[in-house]
Amino acid sequence: MQNAFEIKGIRIGDGQPVICVPVVALKKEEVITNIRFLAEQKVQMIEWRVDCFEEVDDFHAVSEVLQVIRPVLEHTIFLFTFRTKQQGGSRKMEEWKILKLNELAAKSGCADLIDLEFFEATKPEKEIRRFQRMGVRVIASHHDFDETPDDRILRMLMEQMQQGGADVAKLAVMPKNADDVVRLLKLTNDIRQKYPTLPVVTMSMGALGVVSRMAGEIFGSCITFGAVGEISAPGQIPAGQLEHILQIIHKGLE
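Residue numbers 5 to 258, in the working numbering, belong to the letters of the sequence shown in order.
Accuracy of the hints is not assured; some may be wrong.
[To be verified] Once the Cα atoms are required to be at most 25 Å apart in a straight line, the calculated DSS-like pairs of lysine-lysine come out as: (1) K180 <-> K89; (2) K46 <-> K89; (3) K127 <-> K101; (4) K46 <-> K12; (5) K32 <-> K104; (6) K127 <-> K180; (7) K46 <-> K31; (8) K127 <-> K104; (9) K31 <-> K130; (10) K31 <-> K127; (11) K111 <-> K32; (12) K96 <-> K130; (13) K111 <-> K12; (14) K96 <-> K127; (15) K46 <-> K32; (16) K32 <-> K101; (17) K12 <-> K96; (18) K89 <-> K101; (19) K111 <-> K130; (20) K255 <-> K12; (21) K255 <-> K46; (22) K104 <-> K89; (23) K130 <-> K101.
Please keep in mind that the hints were generated in silico from the structure rather than gathered at the bench.
All chains should be built: construct the whole structure from the sequences, respecting the hints.
Put into structure tokens, the structure is as follows:
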């Protein structure tokens, strides 16, 4: 596939989807302990959901965590994410503070990927280019916890993130019926075919959409989120079970 790229020897964008495990711990010691444990378990990708961190308003504390965990992430992709309240996260925060947090992550030498809520940012294209110049890749994202918009809107969301220069475009939506899940899977495949150089991540949340977390290799979603302990979004599957399912699908496609 043309859209694949590599970070720390791990390919994103072709073959079996990469499993990303979110860390949603509240306290500094728990964040560090959890990330160290996951790295020791050779998890492919770790997402720090920094919006869940109780000291997220303290830039020094965030920077301290990044410096402490950096040595253990030599072989693990690290995704830095502040998920806003309006996109399903833990808290609200002024945009300039979110930008500052993302800058800290980019400058730390720790983050490989930064999640940018594309439609919450005032100048998303500018922010994407800035972080890319700092040496990190950007996942442009959008989350809808209420519904699965109609096909025209879904396509528009993905195309705007693609046109904004994102390295990866991510779309997570909530289904109300099986048709919504099928529509998202079709959109994923359509976008993959229309934009072969753009890695995409899509998921239909909740129990109804669980198939979307497992079928990425078939339809074109290159990262899937699995839980170790506390989940960060409805419908997440335990990472160990998810790995087993992905391997079965991968072997079936050979």
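Results for each hint:
At most 25 Å may separate the alpha-carbon atoms for a hinted pair to count; K180 and K89 meet this at roughly 22 Å. In summary, the hint linking K46 to K89 is not supported, as the alpha carbons are separated by about 31 Å, beyond the 25 Å threshold. At most 25 Å may separate the alpha-carbon atoms for a hinted pair to count; K127 and K101 meet this at roughly 14 Å. Distance hint between K46 and K12 is fulfilled; the C-alpha atoms sit about 12 Å from each other, no more than 25 Å.
For the hint linking K32 to K104, the alpha-carbon distance of about 19 Å falls within 25 Å, and the restraint holds. Note on K127 and K180: the hinted pairing is violated, with a Cα-Cα distance of about 32 Å set against a maximum of 25 Å. The suggested pairing of K46 with K31 holds, with an alpha-carbon distance near 23 Å, which does not exceed 25 Å. Taking the CA atoms of K127 and K104, the gap is near 14 Å; set against the 25 Å cutoff, the hint holds.
Simply put, K31 and K130 have alpha-carbon atoms about 32 Å apart, too far for the 25 Å limit, and the pair is violated. Straight-line distance between C-alpha atoms of K31 and K127 comes to about 32 Å, which puts the hinted pair past the 25 Å bound. Distance restraint check for K111 and K32: the Cα-Cα separation of roughly 20 Å lies within the 25 Å cut-off, and the hinted pair is therefore satisfied. About 22 Å separates the Cα atoms of K96 and K130, which keeps this hinted pair within 25 Å; it holds.
Distance restraint check for K111 and K12: the Cα-Cα separation of roughly 18 Å lies within the 25 Å cut-off, and the hinted pair is therefore satisfied. Distance check on the hinted pair: K96 and K127 sit about 18 Å apart at the alpha-carbon level, within 25 Å; holds. Of the supplied pair hints, the one linking K46 and K32 holds, its CA atoms being roughly 21 Å apart against a limit of 25 Å. For the suggested pair K32 and K101, the alpha carbons sit about 19 Å apart, so the restraint of at most 25 Å is met.
A C-alpha spacing of about 33 Å is found between K12 and K96, which places the hinted pair above 25 Å, so the restraint is violated. This hinted pair checks out: K89 and K101 have alpha carbons roughly 14 Å apart, not beyond 25 Å. Of the supplied pair hints, the one linking K111 and K130 holds, its CA atoms being roughly 17 Å apart against a limit of 25 Å. Straight-line distance between C-alpha atoms of K255 and K12 comes to about 24 Å, which keeps the hinted pair within the 25 Å bound.
Only pairs whose Cα atoms come within 25 Å are accepted, and K255 paired with K46 is accepted, the gap being roughly 21 Å. Taken as a hint, the K104 and K89 pair is honoured in the structure, with Cα atoms around 18 Å apart against an allowance of 25 Å. With a CA separation close to 16 Å, the supplied pair K130 and K101 stays within the 25 Å bound.
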